Amino acid sequence: GNSVTQMEGPVTLSEEAFLTINCTYTATGYPSLFWYVQYPGEGLQLLLKATKADDKGSNKGFEATYRKETTSFHLEKGSVQVSDSAVYFCALSDRSGGYQKVTFGTGTKLQVIP
Amino acid sequence: DSGVTQTPKHLITATGQRVTLRCSPRSGDLSVYWYQQSLDQGLQFLIQYYNGEERAKGNILERFSAQQFPDLHSELNLSSLELGDSALYFCASSEGEGQASSYNEQFFGPGTRLTVL
Numbered sequence: 014g015n016s017v018t019q020m021e022g023p024v025t026l027s028e029e030a031f032l033t034i035n036c037t038y039t040a041t042g043y044p045s046l047f048w049y050v051q052y053p054g055e056g057l058q059l060l061l062k063a064t065k066a067d068d069k070g071s072n073k074g075f076e077a078t079y080r081k082e083t084t085s086f087h088l089e090k091g092s093v094q095v096s097d098s099a100v101y102f103c104a105l106s107d108r109s110g111g112y113q114k115v116t117f118g119t120g121t122k123l124q125v126i127p
Numbered sequence: 073d074s075g076v077t078q079t080p081k082h083l084i085t086a087t088g089q090r091v092t093l094r095c096s097p098r099s100g101d102l103s104v105y106w107y108q109q110s111l112d113q114g115l116q117f118l119i120q121y122y123n124g125e126e127r128a129k130g131n132i133l134e135r136f137s138a139q140q141f142p143d144l145h146s147e148l149n150l151s152s153l154e155l156g157d158s159a160l161y162f163c164a165s166s167e168g169e170g171q172a173s174s175y176n177e178q179f180f181g182p183g184t185r186l187t188v189l
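If you're matching them up, the sequences are chains A and B in order.
Note that this note's numbering has the first sequence beginning at 14, numbered continuously upward.
Note that this note's numbering has the second sequence beginning at 73, numbered continuously upward.
The following block holds chain B by itself, in its conformation from the complex:
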């Protein structure tokens, strides 16, 4: 158990809909990262937050948005869903924001499997 929790575990929805995925980081971790894992694209970094502020952006679509709340949990909002958005969405957390020369290990949650029909 990594200490990172994600809800829901599974989500099935229709094209055009909007969903919200939730992540609670490990106790004490200030950084949250979101990743998308699909069969054809592999593991893609979406976005990172540190202590409530956006820190880095990866391959995140404009239809997707995220935020980190004062209690440090994070939500990933996916809207106008398309069939191609079906994937596993992982949240990870780390202690710092990754600026230091030493690597901040990322701890991954179990993921949310999104199926768009």
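The following block holds chain A by itself, in its conformation from the complex:
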């Protein structure tokens, strides 16, 4: 079956530091890849997505590139802010049995300190 593996947290960074959260996946076929973010006390919300190999998703200064050769979709941001503190989930979507199925990673907690 499909699976998503992301780096364990928590990740603690100082404000303006560079962020990388690693994500690798296992899937048959050609899945779409996503990063979701969960702020404290809230539900998940879509941060960015990429639907085919070499696509780069970007939003709010975050970006991730769909690398089929390394089956990876690492999340990066050049300069994090305190407001970026949240849990980040990598996910993939494929059409299993004719219907879309989303598989989430376990989440990586990011804490940004001033």
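Derived from the structure by calculation, the hints contain no laboratory data.
Quick caveat: nothing in here was measured; it's all calculated off a predicted structure.
Heads up, the beta-carbon is just placed ideally off N, CA and C, and yes, glycines get one too.
Fair warning: there could be bad hints in the mix.
Not the full set, but computed from the structure, chain A residues with beta-carbon under 7 Å of chain B [stated by the list, open to error]:
1. E55
2. G56
3. L57
4. L59
5. F117
6. T119
Based on these hints, arrange chain B on the given structure of chain A.
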């Protein structure tokens, strides 16, 4: 605000009991998804409904059941509760049922925190 509402926000109950969680999708969304988020299992997909019909099943226990009503709201019923059922339960909705080649973005509600004592 995603437009997806869930009630109640918190629920505390005892082992062996039965509870019902409610979800109202975004206006116009026909698909509803239920997820369970626990510390040890991460985010697990439970079940999906589209326009009143079950579409996909994930890791949903037999003690759990769900339905989607004609007004498109959905309920997740959890029975014979065990301590291990304590978790955050999320509902998400999307416009379509996910068959198209393009991804139907899922919009998540704020969740219901269930505590089983």
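For this session: Find the hints from earlier in the document that the structure breaks and name them by number, from lowest to highest.
Result: none
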